[in-house]
Each structure stands twice: as structure tokens, then as C-alpha cells.
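> If you follow the hints, you should be able to join the two separate chains into one complex; please do so.
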Amino acid sequence: MVRLLAVIDRDLKKFRRNPVVLAMSVLMPIIYLVILGNSFQGKLTGLPVAVVNHDSGPQARRVIENLRAVAAGPETFSLSFMSDRKEAVQGVQGGRFKAALIIPPDYSRRATVGGRPELGLFLDNTDGISSENIRGLISAAVRAARNDYVPIRDPRDETTLRDIDLYPKVDYYQSLVPGVVIMAIFLGALTTGAFNLVMDRFLGIDESYLLTPLSKSHIVTGLIISGLMITTAISFFIFAVSMVITGIPLSRGVEKFIPLSIVIILTTLCLLSLMFVILGRIGHPRVVGILSGFLNVILFFPSGAVYPVASFPAWLRLFARINPEAYAVDALKSLLFKNAALVNVAGDIAFLFCFTAATLTIAILVFKRTL
Amino acid sequence: MERNRAISVNGISKRFGKVAAVDNVSFDVSEGEFFGFLGPNGAGKTTLIRMLTTLLRPSSGSAVVACCDVARDPAAVRREIGVVPQAMTSDLDLTGYENMDIYGRFYGLHSRERGERISHLLEMVGLTGRGHDLVATYSGGMRRRLEIARVLVHRPKILFLDEPTIGLDPQSRHVVWDFLGKLIGEDSMTIFLTTHYMEEAETLCSRVAIIDTGKIIALGSPDELKAGIPGNDIITLTVTEVTQAISGRLGELPFVHKMVIEETTLRAYVDYGARNLPALMDEVRHAGGTVLSATVHEQSLEDVFIHYTGKSIRDEEAKKVSFFIGAGIPQKLGR
Ligand SMILES: Nc1ncnc2c1ncn2[C@@H]1O[C@H](COP(=O)(O)OP(=O)(O)OP(=O)(O)O)[C@@H](O)[C@H]1O
Ligand SMILES: [Mg+2]
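Line order of the protein sequences matches chains A and B. So the first sequence is numbered by the working numbering: it starts at 1 and just counts up by one. So the second sequence is numbered by the working numbering: it starts at 1001 and just counts up by one.
These are computed hints drawn from the structure, not numbers from a lab. A portion of the hints provided could be inaccurate.
Stated by the list, open to error - Straight line, CA to CA, 35 Å or less: simulated DSBU-like cross-link-like pairs of lysine-lysine:
1) A:K216 with A:K338
2) A:K338 with A:K256
3) B:K1182 with A:K13
4) A:K14 with B:K1157
5) A:K368 with B:K1226
6) A:K368 with B:K1157
7) A:K216 with B:K1311
8) B:K1226 with B:K1311
9) B:K1018 with A:K368
10) A:K216 with B:K1018
11) A:K13 with B:K1157
12) A:K333 with A:K169
13) B:K1157 with A:K216
So that you can see chain B by itself, here it is in the shape it has in the complex (with noise of 0.2 Å):
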């Protein structure tokens, strides 16, 4: 299926000083699409969205947005896009329906046309009871969804959201991906949105770009991705103490494609998990380590982000991992 392209974006770069907070990014996304931005803290999610959003002039390269260059015409791409940013923004001291509807009027809309749209919107988010209390009145949650239904009184055709489910609890959450589902479905809209939840970019997005230090280091559909790496499950272990005994003999073993080992805790990236299981911890035992605790998942985008950069996206401090083993990574220990 052709489709339109809604954002187009040619090498992309931004710098504060020596950092670069985004670093040549190109990526494109077509009309209709969810796409999503998935990366740690301090990975240039929010300066890149403020680029292809005009708040931000690129250092260099260029980018489409809707219809125009965000550089030489963000006035008119100002016009078609929709933003929340990460960042609550709306006034404390008015109430939600007077900053929806004094948003409405920032894009010119007539009043009777605010009057509805406002209504429709707050109910999708839940909020129609209180409408007319002080934002200063609502809990975080209940201001997070405020800024979403804002946002979409002028309905958009590209909206992007920075980090939209950032603080709300796992029920607030599904409540928003179910609206933002239903965006896609049933007004077409486009939807760029970063993430450090993976589990949001799984459930929602068609294509995901994984984006580290300013860089994409993956993308595709989550189904691609995780296909991109090797076996198709992951083994936890936590051991007492990993020695090189025990790295040395899991790493021989036929079905483990690889390992990430993290202090204590081991990672195997390996195929069919449940049945090969018992084998694994057999063989820690035969090193001389003791297994404290075994679990087996299906392979996430987290486990393609610890693929990609050796370190887990959970991890605030991006911890160090000690060593790899496995294709396509440095090898400490052969196989």
C-alpha cells in the first residue's frame, strides 16, 4: 500500500555546546502510521520532537512535517500538528474546559465548534464531572489526560506525543492507549510518539525506532525488530557468582545465541526457553554456581535494546554490563 508521507526526515542533527543530543537521524513515516520513538533518559527523544515541531531549529539537516520544511515554514507546520509535550502545560489557574477552549481559539476556531468538540473530548478522556474545576484542583493523572484532549480540539493531522503516559498508573495508561487506538482507527490521524515504556511501544506502534545517545540504532515493526535478534526467548539467572566457568560452559551450549551478563545476573538469548531450561541450570550446577532464581520471557523491545547498546533501558544509570557473548557483539569468550 503507497501511502502519503507525513513526516520526512533527512539527517537530522542537534547540538548544545559539544553534546549532540541528536545525531544525524533520517527516518521517514507515512500518512496514517504510528510510529514510535522508543529510548532512555537523555537520548534526544524530547529534541528531536521539538524540531520536527518548530521549538527547536535543527544544527543541521532537514525535516517535513505535514506539508512544509520545519525551518523555513513552521508557521504552516504549526497549523497541522498537534503537540504534548512532556512537560504539563496547562495554566493551573483556569479550568480544563477554559484552557481546551481558549486553546481552540488559538487556532481559530468558532465557538460553537469549540463548544462541542470540548464536551465530546473530555468525556473520551474522562474528565467530564470536573470540566469546570480548577486544573490546579486535578491530580497529575487527570492533568495528563487534560493535555491530550487538548490538544486534539483542532484535530490535527499529526500528533505527537513525548512521553504522554509518563506517571500514570497501568490503568490510566490503558485507558490512554485504547484513545490513542482509537485515534488511529477511526480519524486517521498520524501519531509520532516517544517512549521509555517498551511495552507502550509494542502495543501501539506499527514501527518503532530505537534511538540511543542522539542515534536510531534499530527500526522496523516490533515483530521485526525482535526478529533482527538471535533465538527467539530469554533465560534469566540469578547466580551467586558468574565465573568464567560458568559463562564458558552456557556459551557452548547449542540453543544459547548469546549472553549479557550483568553482575550477578545472566541473560541468554535462547530458543525455545521452557524446554531448555532444566539443561541450563543443569549446567551452572556442573560449573560449581548455584542458581537463586530462573525465569523465562518471550523476547521484548527491551531485549533488543540491551542487544543493540549492552545496556537495559530500565536502568536510569545505565549500568556497564561486564561482557558479552554471543554474534555479532565483541566476544570475550568464544563459543
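The following block holds chain A by itself, in its conformation from the complex (with noise of 0.2 Å):
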């Protein structure tokens, strides 16, 4: 026991010793989120459009509300008043809007009379997200305006459809949160436990402790410890400050404490168990830095934080049905947004804690005694 407080002391104050490490491991993931919460969020705003109305009849007056409704509501785009019809599709050439709406003078006339009434679209049809978004909001909004204005002919038949939202709504940002945890364990996992290791090996310093009557069990289990609580603290503060960034009320932390506690805690020894194993052997820190690459896109990509579970291909399903990541955010997930108790997360609490017994076995078993 003495030998194991030791291990685990030993490094405890080294890593108390390198701020810079500590002040890294907190500011990368709260950056991460910042960073994919502004860029990549789930709707897209402000998408520059440019409007060219040749018709001053009441269907165009129409249409034009509906998109501006669109532009002050959920503010997909921002819409642009433009007289001259080429000057506005050469905007859209020059990437000064993403498409460009050309209403023709006889636009309102052909709509009531029952011709075929027609409107130009210019599209940046190469930024696929952005135009495919302007396409299906211009259209509803010109479907809407023609209803309106013909509401007898409405067809009984056309089924609507009401959703209802199972669980307390959550915006893009928020549902990022298990993701930036999981990804903070991650580089605990890996900066701490088997990767110091690897230090003393790469400095030649290991000798001094293979030289004392450390077991190999006092050696692993003592740095998976001093791992542990360094990367669990570490987690649990970024935990709080990204609830706080992205607005989720800090109570559901508080409330359900004890069962995000183990849900980290377990992910957190199934990781550093992992490392062991991988990195085990390895005596050049330049092997971690190309693994950590590696292993992150890896474990994070398939573990559903960002994209989900359900839309990748088979065999990527296969591989997160093994990744410990998966489970981890699928359990995190259930707790923060969908109230699941500690039961509901029963299965991948299984899992990692399966996980982590195998491979602390066989990172034990791996570690050479001798140089």
C-alpha cells in the first residue's frame, strides 16, 4: 500500500509541476466546444440572399412576406432588395450571396389566372448544405403564399403533421456537451497514466523504479490511479463550464451527480486502461502524438457525440458497438437530456465496466518488468 501511495504520489506532484500541462488539458475541449458550437450548428443563419421583384401584384407581395418572416424568425438567411436582375445573379457568381430569387413581372397574374406561374433561382449550388437549405424554405414559402390565397381548394386528404418532442428541448450546442466531456477524458486518459510511461522510458529514468521491488500491479494500477483522479477532476470542471457556456441548468448536474460520476469515472479507467495497452511498450513520445491523432478520430468520430450512431454505415455501427466512446455518450446523453435514472443506463455501464477489467488484465499482463 505504501508502494502504491508512492507510484501514485510520484506522479501526482510531477504533474503539479507543469501548469501549462494542467491550464492545456482544461482549455482544449471548452475550446472544441466554443469552436464546433459556432461553426457547424445544426441550423444554418444568415445565408445572404438577394430578392429581384419585377411583379408588384399581391402573390409576390405574398411571397415576399412569408421570406421575410423566414429572415426575421429563425434568421436562415438575410435577404437583399435589388432592382437589376443581372447584378444580382452576378452577386451570387462573385460569392456576395448564396442565391438569388428573380420574381418576373408576371408572376401574380399567371398565379391566380391558373397558368403556370414561374420564379428564377440562381443557387451556389456548390456549397450543397447551404443551398439545399434556400431551395426547401424558398419553395415552402412559395407553396405557402399560393394556399393562402386559394384556401377552398385546400385538399382534405393532406396529412399534417404535429411533432411532439419526448424530451426537454435541447439546441445544437447543448447536445455537444457529453461529446466535450468525453473528449477531455480522452486527452486526460492519454496525457496521464501509460503516457508517463513512456516519458521515463524515452528519459531513461524507468530504470530507477524497475530496479526497486515495485510489482508490475503497483507500477499499472498506481499510475491509473494518479491518472484517474487527475483526468476525472480535470473532466468534472469542464463538465460544469460547458453546461454554463451552452445554458443546460447546472441542477441536472447536481441532480443526477452520483450517476454521471460513474459514467465518468468508469470512462475515464476504461480509456486509461486502453492506453496501457496500446502504448505499453512504446519508449518515443513522437509515437503518442501520431497515435493520439489516430485514436481520437477513431474512438470520437463513431461514438455518436456529434454525428449520429444510427446514419453510419454498417460496419462503422459494428465498430461503435465495441467502442467504449459510444457508450459513454450514449449513456452521458440519456442522463443530461432524456432524465434517464442510473438503470436506464444499466447496459453501457456493463460495457465499460467489462471493457476496462479486460483491458486492465491484459495491460498488466503486457508490461515488461525488464528493460
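In C-alpha cells, the structure reads:
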């Protein structure tokens, strides 16, 4: 016990002496959250659209009203009204606008008389996502304008869809929080625990403790425990900060503190042990650098933190089934957003537990007690 | 005096691929003995120490250290020994005191015992004032002294030191030597040391094994080793050119037992060097040579090494010697 504590103490002391490492481990995931949350939001906003109206009729006015409503409400696009059709189209080509809507002079007349009313929509189709969004919103606006005008012909058999949210509203920014916490855990697990072993080997100071009576399990579990202490402390802090930033009520975290802690601690143990298996015999920090990029992508991307697991191709879904980060994300999302209790995430917890037990055993077995 | 064996090595070898770093080495060290391994760079000293201290598994052969076989019960061996590796291994971002304290805890020592022991040891190596500074702020020599102090925290029965005074100035070297001498005297420790400084081996060790390319080439007390080579002094002459005539004439002198020639340097193993120097120089002149410099010194372990290997230990490149004259070595020019 004295020996195990000494391994832990040595590691914690060394970590404390490097405040830059601590600062980076805390800042990186938070910056990641802010960047991801503000650049790839679930909904697009502020797309510049030019409108050229050559029609003074009521139909054209209605279409424009509907567009204005979108611009004012969800702010998907911002409208610029112009008189010159050529200038508007050139604006799209030049990148000033994402789209230009041209309403021809006879639009209202055709729409009322039952001719074939046509609008011109010039799209910057090199930007797939924004052009699809704009096309959809504008055609909806146009359809709505026509329906309002001919209410009698409203077809009775058309199904209307009323969506019912099963859980309290979660916006995109908030939905990133579990992923960010997992990323903090990943970073912590990567830079504590087994990494110390790699650095000691690299600096040649592993000899000093390999020569002592410390056993394999003293060394491995000692480093895992100190890594666990550092990583969970950082993760809890980041969890709290990201809840504040994204506006998730902190009370929800407090309410669910015990189950959330269990998931965070287990996930940390799981990744720390995994790192020991992977880095157990590595002696150069450069290898860790290369592996970290790789591991982060293959663990984080198919975890469901940002993209839903269900949309992955079959082979990647299969991988997600053995990816501990996927279970961790699922558990955190359920606890945080779906008001689940510990029993509801028992499956995730069982997986994380088994994964940890297996990797820890392998880690101790493959650890070399000689040079 | 019959003493127990502290180390018993039986035909131990270590191969790295095709290189035999240690090649069928056997020897015994008694308890309380100060035993030295002397050899040039790459001789296999570190590899041997690593096998004896459980860090490397022998390719063949066996060794019993303290109580147990190093391959069969490494954990038990580790409890009994202390090792100062060749490379420095203290944590730079801990203080000297913390380094020693953590180390003591690795051995399961209690805090009171550690505190007293550490202060005592820090004082012994002259680091008392710097104990609470980060090791990163230490000079190389201070760091080395810390390494030696650290390994003594748990009072090992057998102490292994791999080139402990490398990088120390002569003054610090003497401090370490005195310190090690005290350990043998007062704490009756067994010390196993490797070095490539003959002076170190000669001053400290009661017995010395000379190792080259993985093999023991001579073993005995420094006096025994020196007695094993011809003559009792060494005359070193630098001449403009070593001709056949010069080496031939010198080889015929009755007091010259052996000659080793490296480029323009002539080393003669002689009796009564000071008395015979003028005669030797005359001979060179008669053979048409010019003496540029001459020294006489008592035989040292260095000369023992040269005698057996034909190369000097100081010479990192191990320059090959051109030819030999004398007993025991293939002769080109007889006398
Ligand atoms: N891990 C290794 N892999 C391959 N060869 C090795 C390894 N360790 C040592 N050797 C080789 O074994 C031989 C002996 O090396 P060793 O380090 O034991 O020498 P040494 O006597 O300690 O030398 P020095 O005085 O330079 O420390 C050398 O030829 C070296 O290249
Ligand atoms: Mg060495």
C-alpha cells in the first residue's frame, strides 16, 4: 500500500509541477466546444439571399412576406432587395450571395389565372448544404403563399404532421456537451497514465523504479489511479463549465451527480487501461503524438457525440458497438437530456466495466518488468 | 578468512542479435568485498550489471545475487540490492529530497526512518543545503551525488554502481571515493562497481576483473594483476620514427621484458625504470633515432590491460597496436 501510494504521489507531484499541461488539458476541450458549437450549428443562419421583384401583384407580395418572416424568425437567410436581375446573378457568381430569387413581372397574374407561375432561383450549388436549405425554405414560402390565396381548394386528405418532443428541448450547442466531456476524458487518459511510462522510458528514468521492489501491478495501477484522479477532476470541471456556457441548468448535473460520476469515472478508467494496452511498450513520445490523432478520430467520430450512430454505414456501426466512447456518450446523453436514471444506462455501464476489466488485465500482463 | 558469497556468477552470457555483449563470464564476490569491473567502452559492463540486477534476462548461464537466482526470483533480489545505473535517473521535476523520499517509499520504509536517513545521506554527499531544490536546478555532479545518496536510503546489502564517477571533476570524484570507502568499512556493504578509470579500480577495489569484448581477461587484486605482467616499471618514449633497428636493439636489452609500439610511441615493460632509462635512450640514439620525450612510471592497471589486449583503455577508438615484442604475445621480432 505504501508503495502504491508512492507511485501515485510521485505522478501527482510531477503533474502539479507542470501547470502548463494542466491549463492546456482544461482549455482545449472548452475551446473545442466553443468552436464546434459556433461554426457547424445544426441550423444554418445568415445566408445572404438577393431578391429581385419585377412584379407588383399580391402573390409576389405574399411570397416576399413569407421570406421576410423566415429572415426575421429562424434567421436562416438575410435578404437584400435589388432591382437589377443581372447584378443579383453576378452577386451569386461572385460569392456575395448564396442565392438570387427573381420574381418575373407576370408572376401574380399567372398564379391567379391558373397559368404556370414561375420564379427564377439562382443557387450557388457548390455549397450543397446551404443551397439545399435555401431551395427548401423558398419553395415552402412560395407554396404557403399560394395556399393562403386559394384556401377553398385546400385538399382535405393532406396529412399534417404535428411533432411531439419526447424530452425537454436540447439545442445543438447543448447536445455537444457529452462529446466535449468525453474528449476531455480522452485527452486526460492520453496524457496521464501510460504516457508517464513512455516519457520515463524515453528519458531513461524507468530504470530507477524497475530496480525497486515495485511489482507490475503497483506500477500499472498506481499510474492508472493518479491518471484517474487528474482526469476526472479536469473532466468534472469541464463538464460544469460547458453546462454554463451552453445554458444547461447546472441543477440537472447536481440532480444526476452520482450516475454522471459513475459514468465519467468508468469511462476514464476504461480509456486509461486502453492506453496502457496500446502504449504499454512504446518508448518514444512521437509515437504517442501520431497515435493520439488517430485514436481521437477512430474513437470520437463514431461515438455518436456529433453525428448520430444510426446514420453510419454498417461496418462503422459495428465498430461503434465495441467503441467505449460510444457507450459513454450514450450514457451521458441519456442522463443529461433524457432524464434517465442509473438503471436506464445499466447496459452502457456494464459494457464500460467489462471493457475496463479486460484491458486492465491485458495491460498488467503485457507490461514488461525488464528493460 | 571464509566469507559468504554475495554474488556468484556462472557462465553468464547476453547476446544482442549476433553481438555477444557478455560472453560466458564467471566469478564470485564475497560479502563485504569491494569488487570492480574494469573495461573500455562497449566491453559489456552495463549489460553485465543489468543482468545481475534483474533488468535483463541472461541469454544463458546463471547468477545468484544476495539470496536468490536473478532469473528465477528477481523480486527477492531487488529487495536486497541498490543500483546506481550509468545514466542518471532522478526525476528532474521533483526536489532532491522528494526523489529520495519516494524511493524510500518504493521500499516500504516508514516516514520517520526515511526522514532521518535522507538528511544523513544528503549531508554525506554534501547536498544538505540543496535538498529542497528541484533536481532540474542541480549541476551534473550534484545530480550524480544525489543518485548515489538515493540508492542508500533502504540500506542495500549489495550496492551496484555503473561508472559512478563519470562526469565528475577530480575533487568530487575523491569525495565519492571516500564516501564509498566508508560504506565498505562502516556498513560492511558489498560493492560491485564498473569503471573505465584504472585509478578508481586501483584505489577502491580489493579485487578487479578486467573485461574486454564481453570476456574476463584477468581477475585478481590490483597487486596480483600487476605482478602478473613482466617488469615493474613502464618507460614510454616518443621518437621521430620507430624503425626495425630501434625496436630490434631495445628488444635485446636484458632489462626490457616486453614492448608495445603505437605509432611513434614505444612502451617498454622494464625492471628499475629510472635507473635504466639512460641506457634505453642511448640505444635509441645508437640505432639512429631521436628521442622527443621520455617518461617513467610504475605499472598500473592500464598496463595490465594493454598487456592482455594490446590496446589502451583510455583510447576510445581502441587504436590497434602495430606489433609486439616480449613474452606471451606473438612475436615479430625476437630478442
Ligand atoms: N539493447 C542493446 N541492443 C543491442 N546491442 C546492445 C544493447 N545494449 C548493449 N549492446 C551492445 O553490447 C555491447 C556492450 O554494451 P555495454 O553497454 O554493456 O558496454 P559498457 O561496457 O557498459 O560500455 P560503456 O563504458 O560505454 O558504458 C556493445 O557492443 C553494445 O553495442
Ligand atoms: Mg556502460
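> Does each hint fit the structure? Answer for all of them.
Taking the hints in turn, this is what the structure says about them:
1. A:K216 with A:K338: At roughly 42 Å apart (the allowed maximum being 35 Å), K338 of chain A and K216 of chain A break the hint.
2. A:K338 with A:K256: This hinted pair holds, its Cα atoms lying about 11 Å apart.
3. B:K1182 with A:K13: Given pair K1182 of chain B, K13 of chain A holds - Cα atoms ~34 Å apart, limit 35 Å.
4. A:K14 with B:K1157: The given pair, whose Cα atoms are some 30 Å apart, holds under the 35 Å limit.
5. A:K368 with B:K1226: violated, 44 Å
6. A:K368 with B:K1157: Holds - the C-alpha atoms of K1157 of chain B and K368 of chain A are around 26 Å apart, at most 35 Å.
7. A:K216 with B:K1311: Not satisfied, since the Cα-Cα distance of roughly 44 Å exceeds 35 Å.
8. B:K1226 with B:K1311: holds, 16 Å
9. B:K1018 with A:K368: holds, 23 Å
10. A:K216 with B:K1018: holds, 30 Å
11. A:K13 with B:K1157: OK: K13 of chain A and K1157 of chain B at ~30 Å, within 35 Å.
12. A:K333 with A:K169: holds, 13 Å
13. B:K1157 with A:K216: Holds: K1157 of chain B and K216 of chain A sit about 23 Å apart, inside 35 Å.
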